[in-house]
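Trainee: Generate the whole structure from the sequences, applying the supplied hints.
Protein chains in written order, with my numbering: chain F, 1 to 146; chain E, 1001 to 1146; chain G, 2001 to 2146.
Think of the hints as simulated: they come from the structure by calculation, not from any bench. A couple of the hints might just be wrong.
Listed next, the in silico SDA-like pairs over lysine to any residue satisfying Cα-Cα at most 25 Å (straight line) [said to hold, decoys possible]:
| # | chain 1 | residue 1 | chain 2 | residue 2 |
| --- | --- | --- | --- | --- |
| 1 | G | Lys2017 | F | Lys19 |
| 2 | E | Lys1087 | G | Lys2137 |
| 3 | F | Lys19 | E | Trp1120 |
So these bits of chain G aren't anywhere near chain F, every CB distance computed over 12 Å [claimed, not checked]:
| # | residue |
| --- | --- |
| 4 | Val2038 |
| 5 | Lys2043 |
| 6 | Ser2095 |
| 7 | Lys2098 |
| 8 | Gly2112 |
Backbone N, C-alpha and C define an ideal beta-carbon position, used for all residues, glycine too.
Each chain is listed here by its residues.
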Amino acid sequence: MTHSAKRAFGSQIQTLKVKTTRRTEWVNITSDVNRTVVASGAKSGVCYIYVPHTTAGITVNEGDDPDVARDMEAAFDRMVSRDAVYKHYEGNSDSHIKTSLVGTSQSVLIEGGHLHLGQWQSIFLCEFDGPRNREVKVKIQPDLAP
Amino acid sequence: MTHSAKRAFGSQIQTLKVKTTRRTEWVNITSDVNRTVVASGAKSGVCYIYVPHTTAGITVNEGDDPDVARDMEAAFDRMVSRDAVYKHYEGNSDSHIKTSLVGTSQSVLIEGGHLHLGQWQSIFLCEFDGPRNREVKVKIQPDLAP
Amino acid sequence: MTHSAKRAFGSQIQTLKVKTTRRTEWVNITSDVNRTVVASGAKSGVCYIYVPHTTAGITVNEGDDPDVARDMEAAFDRMVSRDAVYKHYEGNSDSHIKTSLVGTSQSVLIEGGHLHLGQWQSIFLCEFDGPRNREVKVKIQPDLAP
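Mentor: Right under this line is the structure:
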């Protein structure tokens, strides 16, 4: 009974709002996601971080030196040219391609009531067609109590 | 008791069959996956979409304008040359590399008995070494009833 | 009661140790991960394979011919140049970028008490800044017994 209630609570999808300011911009959202985990009361389990968009993704990478995110933004812009010949009429095919390269979601483990990230790991919303108002969905599947 | 039975039902792996027709071809499989979710009876939870292949992957991206998928197919073929010098004797190393770029599985949230996708999101099987007969495994982990 | 205990057992995070020997090196860790699954006693469910690092990732790809991994290592080194102009002071921005291309985790289904991999699929730790001592976190969410 107790654990069912806990699971049901944890499983509600929470929505974070993120405002991006550049066309390509990786935004560190770790503290917002972790706050959602703590609020859920889940002690251990899995946290899904998911964007409902097709020109933005989610990745886990270094958040300690902000230059890493800047280097990654530039690298993705070099790897997938904005000016290649594309069929899609909106002119943002490069943004869609970059999104599939990083992926639209990540799963992070929960332990001790917090995100179980490595020392240098942060969670990033990867904006590839900003500036825009974006949503990030967070869902938690807690383990059952023993 | 009720919730255990529900979980056990939802957790059976379902297999979808997909026939591809070109060497590189992204096939929209959203409606097939969603039909599996609805049939499972799961109201909320997580849906895993997984390919058991090493030259095909799964991605979530725009399905509204089919030109986006065509642009992505061409971009992956440009990014990873088929004709570079490779060691693997089968001559499809480019297909393996593209597969690791998109990944072999995706997790999509379930809410209200359906896939909880964004407005423009679709699920694609990414064929990189077709034409072939492919399988897509779908597994659902429903939340427990409160 | 029985199934709660089973879930609680399965959900403990296990840590695998991997020693890499080259700067870019994909190491096949399938048998170690599978041993963890078998030891957990989980008959069906989902297995999360997660690295807590920011210059190494996880991918699922062909493990039968070791030349495929060698081709993939070379392809990633070609795709993301080590010598581009980067801001990050440590000089390993290319390693971070490659990590986000493959991702820091993979989810693999469990069926019949084992990893439910395709015939040619193996799980690889993708080292992009070795040689180093790496950790791989394995977490299992078993299905509940009916």
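Trainee: Give a verdict on every hint.
Mentor: Tested hints:
no.: 1; hint: G:Lys2017 to F:Lys19; in the structure: violated, 39 Å
no.: 2; hint: E:Lys1087 to G:Lys2137; in the structure: violated, 31 Å
no.: 3; hint: F:Lys19 to E:Trp1120; in the structure: holds, 19 Å
no.: 4; hint: Val2038; in the structure: holds, 20 Å
no.: 5; hint: Lys2043; in the structure: holds, 16 Å
no.: 6; hint: Ser2095; in the structure: violated, 10 Å
no.: 7; hint: Lys2098; in the structure: violated, 10 Å
no.: 8; hint: Gly2112; in the structure: holds, 22 Å
Checked against the numbered hints given earlier, the structure breaks hints 1, 2, 6 and 7 and satisfies all the rest.
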